[in-house]
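Colleague: Taken in sequence, the protein lines are chains A and B.
So that you can map any letter, position 184 of the first sequence is 184 in this note's numbering, and since no number is skipped, the others follow by simple counting.
Each position in the second sequence, counted from 1, maps to that position plus 1000 in this note's numbering.
Errors might be hidden in some of the hints.
[To be verified] Anything over 12 Å on all C-beta distances counts as not near chain B; from chain A, calculated:
no.: 1; residue: ARG37
no.: 2; residue: GLN270
no.: 3; residue: ASN314
no.: 4; residue: ASP355
no.: 5; residue: THR356
no.: 6; residue: GLY421
no.: 7; residue: VAL461
[What the hints assert, rightly or not] Derived CB-CB ranges, DEER-like:
no.: 8; chain 1: B; residue 1: ASP1241; chain 2: A; residue 2: ARG357; range: 39 to 45 Å
no.: 9; chain 1: A; residue 1: GLU353; chain 2: B; residue 2: GLN1416; range: 22 to 28 Å
no.: 10; chain 1: A; residue 1: PRO454; chain 2: B; residue 2: SER1138; range: 23 to 29 Å
no.: 11; chain 1: A; residue 1: GLY435; chain 2: B; residue 2: GLY1298; range: 29 to 35 Å
no.: 12; chain 1: B; residue 1: SER1138; chain 2: A; residue 2: ILE419; range: 26 to 32 Å
no.: 13; chain 1: A; residue 1: ASN438; chain 2: B; residue 2: GLN1326; range: 55 to 61 Å
no.: 14; chain 1: B; residue 1: ALA1266; chain 2: A; residue 2: GLN451; range: 26 to 32 Å
no.: 15; chain 1: B; residue 1: GLU1307; chain 2: A; residue 2: GLY435; range: 27 to 33 Å
no.: 16; chain 1: A; residue 1: PRO454; chain 2: B; residue 2: LYS1410; range: 25 to 31 Å
no.: 17; chain 1: B; residue 1: ASP1241; chain 2: A; residue 2: ILE419; range: 45 to 51 Å
no.: 18; chain 1: A; residue 1: ASP355; chain 2: B; residue 2: GLU1101; range: 44 to 50 Å
no.: 19; chain 1: A; residue 1: GLN451; chain 2: B; residue 2: LYS1410; range: 56 to 62 Å
no.: 20; chain 1: A; residue 1: ARG357; chain 2: B; residue 2: GLU1333; range: 43 to 49 Å
[Unchecked claim] In silico DSS-like links for lysine-lysine, alpha-carbon gap of 30 Å or less:
no.: 21; chain 1: B; residue 1: LYS1363; chain 2: A; residue 2: LYS466
no.: 22; chain 1: B; residue 1: LYS1363; chain 2: A; residue 2: LYS398
no.: 23; chain 1: A; residue 1: LYS140; chain 2: A; residue 2: LYS398
no.: 24; chain 1: B; residue 1: LYS1387; chain 2: B; residue 2: LYS1115
no.: 25; chain 1: B; residue 1: LYS1050; chain 2: B; residue 2: LYS1448
no.: 26; chain 1: B; residue 1: LYS1320; chain 2: B; residue 2: LYS1387
no.: 27; chain 1: A; residue 1: LYS398; chain 2: B; residue 2: LYS1404
no.: 28; chain 1: B; residue 1: LYS1448; chain 2: B; residue 2: LYS1387
no.: 29; chain 1: A; residue 1: LYS466; chain 2: B; residue 2: LYS1095
no.: 30; chain 1: A; residue 1: LYS466; chain 2: B; residue 2: LYS1448
no.: 31; chain 1: B; residue 1: LYS1137; chain 2: B; residue 2: LYS1095
no.: 32; chain 1: A; residue 1: LYS140; chain 2: A; residue 2: LYS48
no.: 33; chain 1: A; residue 1: LYS33; chain 2: A; residue 2: LYS48
no.: 34; chain 1: A; residue 1: LYS249; chain 2: A; residue 2: LYS412
no.: 35; chain 1: B; residue 1: LYS1232; chain 2: B; residue 2: LYS1320
no.: 36; chain 1: B; residue 1: LYS1320; chain 2: B; residue 2: LYS1095
no.: 37; chain 1: B; residue 1: LYS1095; chain 2: A; residue 2: LYS398
Hints were generated in silico from the structure; no laboratory data involved.
Even glycine gets a Cβ: it sits at the ideal position worked out from N, Cα and C.
Given next are the chains, with one letter for each unit.
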Amino acid sequence: MNRITCFIRYGVLALAMMFASAAAQAQDFDFDKLNDRVRDVSVIIDIKFEVSFGIHSTEQQDRYLGTVVSEDGLVIFNGSALENESSVATLSGFTMKTTPTRIEVSTLDGTTYTGEYLGVDRYTKLGFIQITDLGDDELKPISFARDVEFTVGDWVALYMLLPEYIEPPLAADVGMVSTLVEQPEPFALTVGFNSLQLTSVLFNEDLEAVGVLGGLFDPGTGGDRGMMESFGSFAMPLLGVISAERLEKIIADPPKKGETDRGWLGITLQALTTDMAEFWDLDVPGGIIVNEVVRNSPAEEAGLEVGDIIIAVNGQPVRVDRDENLTMFQRQIAEMGAGTSVEFTIVRRDGDELDTRQVLATLDKAPLAATDAPEFEVESLEFTVRDLVFGDYMRFNKDPESLSGVIVSEIKQGGLADIGGLRFGDVIQRIGSTGVANLEEAQAAIEQVEQEEPSEVIFFVWRNNKTLFVNVKTDWE
Amino acid sequence: MRRWLLAPLALLLVMGAGHTTLAQPVDQQSIYQARDRVLPALVHIQPVIKNYFTGELEKQAVVGSGVIFHADGYVVTNYHVAGKAARIICTLNDKEQVPAEYIGGDPMTDLAVIKLDLQEYPGEIHAAQFGDSDSLKSGQYVLAMGSPLSLSRTVSAGVISTPDRYFSADVRLPTGEPTGRYNLWIQTDAAINPGNSGGPLVDMNGEVIGINSRATFFANNLGFAIPVNIVKEVSRRILADGEVTRSYLGLHCQAMQELEDYFGTAPNTGVLISSVDPGSPAEETYLRGGDIILQMNGEAVSARFVEELPGFYSRIAELKPGSEVQLQVLRNEETYEFELTTRELGELQGEDFEAREWGFTVKAITRQMQIDNQLDDSTGVFVVGVKSAGPADEGGLIRSDVVKTVNGEKIADLSQFRTLYETMVAEGAERALLTVSRGGSTRYVLLKIDQEAGEDNE
């Protein structure tokens, strides 16, 4: 079972069925033809992955419908379950991490290849797999139709994967474009689909691939909640068409685990609500209030200050008027990419004076997520450490000058380190008598220990804003 | 997980979960004698305590226990029973009710002293005798007295399970203060339940040897009492000064036992510093984690076991604030001399205040709160609670935010906040813009104050 919760699986399915009954109106798909088209470009992906929660880890297996997007074997699928970044609850520090261990990609006519996991796009949840043993085989990729205009009432069809024991494996579904959302972003919303169908390719009645099913909001923070909206006691996904234009950009440069070239400004932010705009006499549809400027970030270099209100990006007004919509702004920055120069129009308040000015910032690469940080597994003592990342410093309210070391990212329950009292989240600052400031130094110190094989290893760690010594008894047999 | 022995009145209905009865070969007469020396001094305490956690001042009737230790009507109980009391009613062992006045308390040892108002009391006051908690033995018979689940005048019997139980310094009272740093606890199997808080633990001589304070969730017969020698000292100081002042250096120490090989020290040598508080005298004197204190003011000190740590902390705490302390410290096999000046530990928590019209409650920020919450400085006021659906809640204020400005005016402390709040409420301000510090970033919270709702509440 992946991270799409049971609630979504069943609750939403039930709900979707309720809505589906209303969708029995005229539509005119040639499903024989569409079925053939879909079979050509579809693959079934079997992924084995390890899920670790700091001290527990389990193996899981899941099955997905994939779509081939390049001749050389690039495949997209629903990557929600593998998207680690969103599950890094930055405030609690609790990390759930999924690591694919084996991937098989099978065409519907039965050829099986080996796949390599590349990464997941944080905002669309598109997962990427590269087939590595294609040899001389060529796969037929999907091609998306661009510049498709939707109107309410247009029909779209998709295919979803059925459970393994059912043959044939694919089932079609149709949905109607229910409304054309204008705010917070233009989006062709459909209410008849469900989250299990996320990232399925959507076809119009001309059997053109017009996009994939995706969420209106960034589902990146708080798991799937970002695209769920509650109506009374029900929750319903806000799903619709991720356009071909957006897809092409992502597919052209698929996300890679451990790397990020998403754009990053380096602020923490809150929305300028209508009430606040009124309070400050600002006649704008929304804005971003700068809450914090990260040291040495593009924001600092551009001269942004705490309290500044960003009201436009490259001349386009910011239409964020509530915190729920902040991700629209964050995604806009992220998708501009690192290295992009962006002009921000800001309002700086000085008492009652409002001063509007332009600042130019060159976006940096977004900092590495904790789950993508380089790790080192100390097999002899049964724990894993990684480098401190930006998110850790934010969570601890520290900076690299005031806190250095390596953080315990996994610890085997009942293992030597666990018994000795080392804890998940401890920042190790000294191993034996050797100070360690980063992963490289920690690795060297551990290798030294492993050579000497002492009966105990003393760690000096930072925990809950205090330091202490931890004695880990060893077992070298 | 430990629960505090404070029983809300509602718990009166929760009965029937009876456990152990002791059938031990103990002389019945000596139990009666011990009982008769203390039971007349037992007090059933019904304070109405002030609770600010929900974002508004709420009063809550609770039940605890206490014991009269002075013929003038002084009663010792737990701080978590009487410390936040708006008013206190006591029922004495003869069932007569008398009001009581709060004299002073010490959250660090969870002790408080109240004084019975005996003007209209017809009876005669019996004071219990304090014994000596330094000579206790495990297995020794004891009686616990108090009002478990509000059932007053309850006596239960058991033994001392261990006289020197250590709890790590992270233990906190229900009101949020850290506690227990300077004392060990007497563990007993005499039945102790919510409502026993503040009641006496009594030996077979009929002397009070501890004040029952806490029990354990999901366990039977694990009760903990504060040793009476601590009670004697703390109550003496509360009677003299109304409070207990302590010296502070900012040291956190760790037992040496498992680290002797690492540091190459002999057993029972030195006290290991594990951590120093930022901005503390210890940090300012460049003491740091890993230093080993060999001598304090010329006397050898050691803490090989955790049970020895409270004693060491107490030695520092008992000094007069501002005292010079000489520490001989072992660092990297060299010995150094350090001279520090202690500071007053000060209040653990600041005074509470309800910003009723704005829908939240705050606390003054003390130096200990600043350290606890990793605050850069002590300016502003600390948000204790936010009333659901009130102006502050709607504006996005959350617990633990620190309010730094109100309408652009910097808030230095609680009194300034209070003045500003009261002025704005009097002026009928409909909007207030707060800037709050939250985890190192500055957020803006706009309060839309509903005037009519405010007036309705008057």
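Colleague: Next, verify each hint and record whether it holds.
Modeller: Each hint tested on the structure:
no.: 1; hint: ARG37; verdict: holds (49 Å)
no.: 2; hint: GLN270; verdict: violated (6 Å)
no.: 3; hint: ASN314; verdict: holds (25 Å)
no.: 4; hint: ASP355; verdict: holds (16 Å)
no.: 5; hint: THR356; verdict: holds (18 Å)
no.: 6; hint: GLY421; verdict: violated (9 Å)
no.: 7; hint: VAL461; verdict: violated (10 Å)
no.: 8; hint: ASP1241(B) / ARG357(A): 39 to 45 Å; verdict: violated (58 Å)
no.: 9; hint: GLU353(A) / GLN1416(B): 22 to 28 Å; verdict: holds (25 Å)
no.: 10; hint: PRO454(A) / SER1138(B): 23 to 29 Å; verdict: violated (37 Å)
no.: 11; hint: GLY435(A) / GLY1298(B): 29 to 35 Å; verdict: holds (33 Å)
no.: 12; hint: SER1138(B) / ILE419(A): 26 to 32 Å; verdict: holds (28 Å)
no.: 13; hint: ASN438(A) / GLN1326(B): 55 to 61 Å; verdict: violated (39 Å)
no.: 14; hint: ALA1266(B) / GLN451(A): 26 to 32 Å; verdict: holds (29 Å)
no.: 15; hint: GLU1307(B) / GLY435(A): 27 to 33 Å; verdict: holds (31 Å)
no.: 16; hint: PRO454(A) / LYS1410(B): 25 to 31 Å; verdict: violated (54 Å)
no.: 17; hint: ASP1241(B) / ILE419(A): 45 to 51 Å; verdict: holds (47 Å)
no.: 18; hint: ASP355(A) / GLU1101(B): 44 to 50 Å; verdict: violated (58 Å)
no.: 19; hint: GLN451(A) / LYS1410(B): 56 to 62 Å; verdict: holds (57 Å)
no.: 20; hint: ARG357(A) / GLU1333(B): 43 to 49 Å; verdict: violated (60 Å)
no.: 21; hint: LYS1363(B) / LYS466(A); verdict: holds (24 Å)
no.: 22; hint: LYS1363(B) / LYS398(A); verdict: holds (25 Å)
no.: 23; hint: LYS140(A) / LYS398(A); verdict: violated (51 Å)
no.: 24; hint: LYS1387(B) / LYS1115(B); verdict: violated (34 Å)
no.: 25; hint: LYS1050(B) / LYS1448(B); verdict: holds (27 Å)
no.: 26; hint: LYS1320(B) / LYS1387(B); verdict: violated (41 Å)
no.: 27; hint: LYS398(A) / LYS1404(B); verdict: holds (20 Å)
no.: 28; hint: LYS1448(B) / LYS1387(B); verdict: holds (14 Å)
no.: 29; hint: LYS466(A) / LYS1095(B); verdict: violated (50 Å)
no.: 30; hint: LYS466(A) / LYS1448(B); verdict: violated (40 Å)
no.: 31; hint: LYS1137(B) / LYS1095(B); verdict: violated (34 Å)
no.: 32; hint: LYS140(A) / LYS48(A); verdict: holds (25 Å)
no.: 33; hint: LYS33(A) / LYS48(A); verdict: violated (33 Å)
no.: 34; hint: LYS249(A) / LYS412(A); verdict: violated (40 Å)
no.: 35; hint: LYS1232(B) / LYS1320(B); verdict: holds (18 Å)
no.: 36; hint: LYS1320(B) / LYS1095(B); verdict: violated (43 Å)
no.: 37; hint: LYS1095(B) / LYS398(A); verdict: violated (58 Å)
Checked against the numbered hints given earlier, the structure breaks hints 2, 6, 7, 8, 10, 13, 16, 18, 20, 23, 24, 26, 29, 30, 31, 33, 34, 36, 37 and satisfies all the rest.
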